[in-house]
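Asker: Respectively, the protein sequence lines represent chains A and B.
Per our numbering, the very first residue in the first sequence carries number 1; after that it's consecutive.
Per our numbering, the very first residue in the second sequence carries number 1001; after that it's consecutive.
Pair by pair, the computed Cβ-Cβ distance ranges are:
{"id": "1", "chain 1": "B", "residue 1": "Ile1159", "chain 2": "A", "residue 2": "Phe222", "range": "52 to 58 Å"}
{"id": "2", "chain 1": "A", "residue 1": "Cys69", "chain 2": "B", "residue 2": "Tyr1096", "range": "33 to 39 Å"}
{"id": "3", "chain 1": "A", "residue 1": "Leu243", "chain 2": "B", "residue 2": "Tyr1096", "range": "56 to 62 Å"}
{"id": "4", "chain 1": "B", "residue 1": "Tyr1096", "chain 2": "A", "residue 2": "Phe65", "range": "36 to 42 Å"}
The set of hints was computed from the structure by calculation and includes no laboratory data.
Here a beta-carbon is modelled for each residue, glycine too, at the ideal position from N, C-alpha and C.
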Amino acid sequence: MKNDIFNFRRFGKYFGTDIRTCWANYGLSLLTLTLLTPVALYVIVNAFNLILESSWDGPDLGLRFAVFCFAMVCLIVTMPVKCYGKLTEKQYGTFWLTLPASKLEKFISMIIITCIIAPLAGILLYIGADALICAIDHTCGRNLVQGGIHFFQNWSELGHMTLNLVDETLTIEDAALTKQLLEQINSPMLYIDEIFGITLPFLLGAIFFKSGKTVKTILALFVISSVSSAIMAPVVESWSHELLANINNDPNVILSMFNNGLFKNLVLLDTISDTVINTAMLVCIWLRIKTLKH
Amino acid sequence: MITIKDLGFAYGEKAVLKNITMNLEEGRIYGLLGENGVGKTTLLTLLCGLKKPQRGSIDTDGRNPYDRQPSLLSDQYYLSDEVPAMNMKAADYAKYYGKFWEGFDMDKFIEVMGVLENDPQQKMNQMSFGQLKKTYIAFALACNTKYLFMDEPTNGLDIPSKAQFRKAITKYTREDSIILISTHQVRDLENIIDPIIILDRQDVLLNATLEEISQKLYFDYSSERMEDALYSEMVPGGNIQVCLNQSGEDSKVNIEALFNTVHLHKELIKGIFNK
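Please build the complete structure, drawing on both the sequences and the hints.
Answerer: Structure below.
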């Protein structure tokens, strides 16, 4: 009896084909976005510097990082539509639905490619191109990888540095608080689950809406966030009022809150809420795949 | 065997299929005929699991097509009337996707492409509609599936290709397969389809083999007018007339005349064939 739910051999075949199809549909856009963008930025900034200041000076790390983030957002927003948006079209959707692989295999492949492979490929290609530019022209300063390492090293050192400032600008309590705050919010989970949080809604939008997929997804996110903000705002407001009132009355309360891992708990809360939202998104994507008809 | 029982399907308020009951048996090439909008494509998409029956059931050798189980999907192929133009060569398409169908035979694909005079090295998104259709026909036949559903396969094919299609469908399909071909152009499929299913609005008007049809209806090709003809049409060199076969004489079934007869005398034909 064949396994109709999940078979590793069949999944391997399907995953390979899915990657190939995505590459055919999105490969050129991916290369343009990740390889051409840093080059274009470098050329434009140098051209402006030459014209305005008569100097050869590449884009600094901050600008390059901002453009890198923008390129990654563009990738995340456009990739699902290009790779899976055609599932809602009769021609391709019919072909995809009748392809002999299970719904679970198709679902897992879709999630791996959209949430892991495409962002990872985009990041690696972009920072590779950036590193190459910075290696050729030293006016750019640190490349994105070096800049990132430097940032995180400083991040963890910042707390220790604050202790050195005691008696100059900070009290020992201030320094201890800053150190604790920095340590508590320096959690990788805070950033990793955000990748899923951004990609999954756009994947769902790509396979849910029949036209205007990206615009409708953005509008839907806007509506959902407005509604959830309207619901949550009074709760957060009363909580913050209470917190501020406590602080005003007794500054030691905030210290005890830090000592009790306030930010650590907030990070945990953020991770839990992201996990719940991402799980809901995954369920919606699964249901859409399961019930897709043509 | 495919068993369809009390099948019903509607688009919103508009019922397309209602209480459809029939069996599709192995080793036959069914011709699915009907006017525009009677639900031929809907029936095909229900049979291959692209839609969920709203009423009744479809049983494909013990499996429900809507479950889209890979074991069933790899034993069936649905050739849609609109096919996607992939950004790859036809041979690459066959190589990459053929492996999902257990019985897929690459040599057969190349052979059928040759019969249909199509170039496997041509990119699919650079093909004409007819060439693209022929590529998918070759792929469908090379999959060697037991269940083959084709929606208007001869649409977009030129005259020689239609003859090549008839040749390919008889030569390259399995003995035990169940093939269901929907078409408007009955002449394209004459001599290969048997039995014939004629759909009307929400209903099956006829589901019979050519043998059963010729036992019950007589097709006259003489120039003499018949008084009791159910249907009569002038053609160059005489008439095609259809009447009840009361003498038990054998005649060659003309599918177009049959289709028109069935539509003119729906209740009579249903009564004769449902006896």
